[in-house]
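**Q** First to last, the sequence lines map onto chains A and B.
Going by the working numbering, the first sequence opens with residue 17, and the numbers climb by one from there.
Going by the working numbering, the second sequence opens with residue 17, and the numbers climb by one from there.
If a hint is listed, it holds; no wrong ones were tucked in.
Short derived list, chain B residues pointing at chain A, Cβ under 8 Å:
| no. | residue |
| --- | --- |
| 1 | P31 |
| 2 | A34 |
| 3 | L116 |
| 4 | L211 |
| 5 | Q263 |
| 6 | R389 |
| 7 | Y390 |
| 8 | K422 |
| 9 | V428 |
Pairs of lysine-lysine, DSS-like flavour, derived with a Cα cap of 30 Å:
| no. | chain 1 | residue 1 | chain 2 | residue 2 |
| --- | --- | --- | --- | --- |
| 10 | A | K279 | B | K422 |
| 11 | A | K323 | B | K124 |
| 12 | B | K435 | A | K101 |
| 13 | A | K113 | B | K255 |
| 14 | A | K255 | B | K124 |
| 15 | B | K25 | B | K124 |
| 16 | A | K204 | B | K219 |
| 17 | B | K101 | A | K109 |
Derived by calculation from the structure, the hints in this document are not laboratory data.
For each residue, glycine too, the CB sits at the ideal point set by N, CA and C.
Number of protein chains: 2
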Amino acid sequence: MVVATEAKKMKKAAPILAASSVDKRNNALDYIAKALEDNKDKIFAANRKDLDYAKENDIAESVIKRLKYDEAKLKDSISGLIGLKGLDDPIGKVYMKRELDSDLLLTKISVPIGVIGVIFEARPDALIQVASLCIKSGNCAVLKGGKETANTNKVLFEIIKDCVIKAGLPGECLLQVEQHNEIDELLKCDEEVDLLIPRGSNKFVRYIMENTKIPVMGHSSGICHIYVDEMADVNLALKVILDAKKQYAAACNAVETVLINRKIADTFTPALYEMLMSEEVTVNGTKEVEDIVGKEIGIMAEDEFAKEYNDYEISLKIVDGVDEAIEHINYYGSHHTDAIITEDDKVAETFTQMVDSAGVYVNCSTRFADGYRYGFGAEVGISTGKLHARGPVGLDGLVTYKYILKGDGNIVGDYASGKRNFNHKDV
Amino acid sequence: MVVATEAKKMKKAAPILAASSVDKRNNALDYIAKALEDNKDKIFAANRKDLDYAKENDIAESVIKRLKYDEAKLKDSISGLIGLKGLDDPIGKVYMKRELDSDLLLTKISVPIGVIGVIFEARPDALIQVASLCIKSGNCAVLKGGKETANTNKVLFEIIKDCVIKAGLPGECLLQVEQHNEIDELLKCDEEVDLLIPRGSNKFVRYIMENTKIPVMGHSSGICHIYVDEMADVNLALKVILDAKKQYAAACNAVETVLINRKIADTFTPALYEMLMSEEVTVNGTKEVEDIVGKEIGIMAEDEFAKEYNDYEISLKIVDGVDEAIEHINYYGSHHTDAIITEDDKVAETFTQMVDSAGVYVNCSTRFADGYRYGFGAEVGISTGKLHARGPVGLDGLVTYKYILKGDGNIVGDYASGKRNFNHKDV
Chain A
17 MVVATEAKKM KKAAPILAAS SVDKRNNALD YIAKALEDNK DKIFAANRKD
67 LDYAKENDIA ESVIKRLKYD EAKLKDSISG LIGLKGLDDP IGKVYMKREL
117 DSDLLLTKIS VPIGVIGVIF EARPDALIQV ASLCIKSGNC AVLKGGKETA
167 NTNKVLFEII KDCVIKAGLP GECLLQVEQH NEIDELLKCD EEVDLLIPRG
217 SNKFVRYIME NTKIPVMGHS SGICHIYVDE MADVNLALKV ILDAKKQYAA
267 ACNAVETVLI NRKIADTFTP ALYEMLMSEE VTVNGTKEVE DIVGKEIGIM
317 AEDEFAKEYN DYEISLKIVD GVDEAIEHIN YYGSHHTDAI ITEDDKVAET
367 FTQMVDSAGV YVNCSTRFAD GYRYGFGAEV GISTGKLHAR GPVGLDGLVT
417 YKYILKGDGN IVGDYASGKR NFNHKDV
Chain B
17 MVVATEAKKM KKAAPILAAS SVDKRNNALD YIAKALEDNK DKIFAANRKD
67 LDYAKENDIA ESVIKRLKYD EAKLKDSISG LIGLKGLDDP IGKVYMKREL
117 DSDLLLTKIS VPIGVIGVIF EARPDALIQV ASLCIKSGNC AVLKGGKETA
167 NTNKVLFEII KDCVIKAGLP GECLLQVEQH NEIDELLKCD EEVDLLIPRG
217 SNKFVRYIME NTKIPVMGHS SGICHIYVDE MADVNLALKV ILDAKKQYAA
267 ACNAVETVLI NRKIADTFTP ALYEMLMSEE VTVNGTKEVE DIVGKEIGIM
317 AEDEFAKEYN DYEISLKIVD GVDEAIEHIN YYGSHHTDAI ITEDDKVAET
367 FTQMVDSAGV YVNCSTRFAD GYRYGFGAEV GISTGKLHAR GPVGLDGLVT
417 YKYILKGDGN IVGDYASGKR NFNHKDV
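When you get a sec, could you build the whole thing from the sequences and use the hints?
**A** Following this line, the structure appears as structure tokens:
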């Protein structure tokens, strides 16, 4: 397969999908839900092949856990599809309707982005999730999953594509890329592909960003902070930090650095240290932190605070107050999700206004940064970029808009000469 | 001046500007309006220097016309500022407010993008417009105007910056870059600058896009089309085409190609040709067009249809119908603004749904694609990209959003274990 050739066909199919009715797109989701159930033996058999291969090749247990696709995950996929079907159509939303003149009507409506390339980790449920989000939002999708789930993905993709065609949508709107070298072919398709969403390691996301002219929506890292203010509820702070670090340490929304207000440092820091020790979290920090806790910790150089552990390890630093905390976060953070623990509403407001991140939290765990938890139905990724979409990206992040202007022979010359005048009336 | 050093200061000032009250930002606009009037002699004197230099150096009359800043343009600038002051605050708009749980509230609000670099043509009014849009939207701005207006820009920039400081906003939020080589320094500031908006020639915009990691919002060309359907009102079509081509041929929203339905080609094409000839517009087109009009025209190869004339010159082609027109436009166009002339609502709907452009028009001139005409108060540019902002970009295109989550010690562990459940209730 030549990716460029397929991408060109896809670009031609994109307007047809964009103009399709929401009924057709919802029917496709329905058919997929049913076909997954009907074909589960075939899917599980393919998945067993992937699992056998993984075990033979000593692939890490954590990866095997993710690539396993069983009854429970199938049930989640199906309920995800039904949930997505129930969501409003993201296409054709009227953002603005304005008379420029009595016979000249401007409408701003949501439309699909067009052709989206998604490169995702070795999780069969991710393929279903990404494909269904693209179908619902009327976007053509080039899908590349992790090679560890190649057999499962192949079966799933065929099922999904058949359902799309059965629903009356163009078959060209979905393409599966299976070979790793085809990713580089895809990166060259900047005339055909409108957006790339890479998921995976930092290094991989940066590689994509640096090797394509296609706009990329992806987070390159998740360096999340919790600032414990002098007016913090200490027990609440400990509970939230523990959850943010340990509930799922490998996630991008796990906390990496805790900043402690100097006014409470002498009491709070030792308590935090004790808790982290008993939870087997490795503690790093400044010399000041070591002096306060009176135990040896990993002493950090200033520039090491821009580090994402993805593990049971944490950085601690004492700051003068909210202003220094904000400055530290804006400088060392990755603009993902950062939290303050305080009972002082005014300080909380300063923090939420001035921290330049996709998520700014008060008195809760950074781990809430997630499309499901936000109620988006699903997410295609979490954006740490500021343009287009920010934070967890659901259906809303997969649309753009166009302006439709309907007139009766209106010409600019008449308005430039003063013969006619704009009235700019929202209707 | 080292651009990188100044950009770092600006990045630190950005959260302060982001948290500023709309009153302060509006006061700044007020002060600028007054200061322009109070300092007009100084401004006009500086502008005379630019004009003298331009005349001595045989700069084109069209450029001189644009760089001239007189009483009329000053009046426009001042009324622009007053108009902008009257617009709603683009910051702090609540896009979503959702209870994730009874004690966990998610709010999605608009915030400034941060630090924006705008590189614009030699027009003193552009400097005022761009600076004021950035102030109103709470964005720090690096401004680089055309070198032909260096003297005027220097005086204007000083006036604007003084007013910003007088209004209590951080002085670091505005920076003027005067040397051309400083543009290259600016392109390297991808840690500090969030967005670049280059205005100017295609070649220049492409240069910027290819030489920076900073996201770029700009149109790289304006290849606009008008499709004349078999059900077109012929006189309306001629009137609209004339306006779209000649009202201001150098604009990006001027029409470059007219596509004619074959069913009316024998009658419409000669009428169009006659009109264009009498209006001194050079006609190019396919051999079929030449055969129909029976006069020699510039015969075009297929790939020449991706050409922007910016002049009194036009391309004509005969197509089978709306489907071929759509395909031609999506392939050769620049996704800027394209129009259909038809009395058939169903054909018009197919066209507006399937043409993949920022503006899709029915029975009116492509020249309406403009921030003022859309009623945006002003525009910082016209985007032909699909992400973030599309078409004329006003205040709405200069903001992004953040999610603020306020809890009471909420942790993800409680929801993962089923101890607590999300309720996802929009409030």
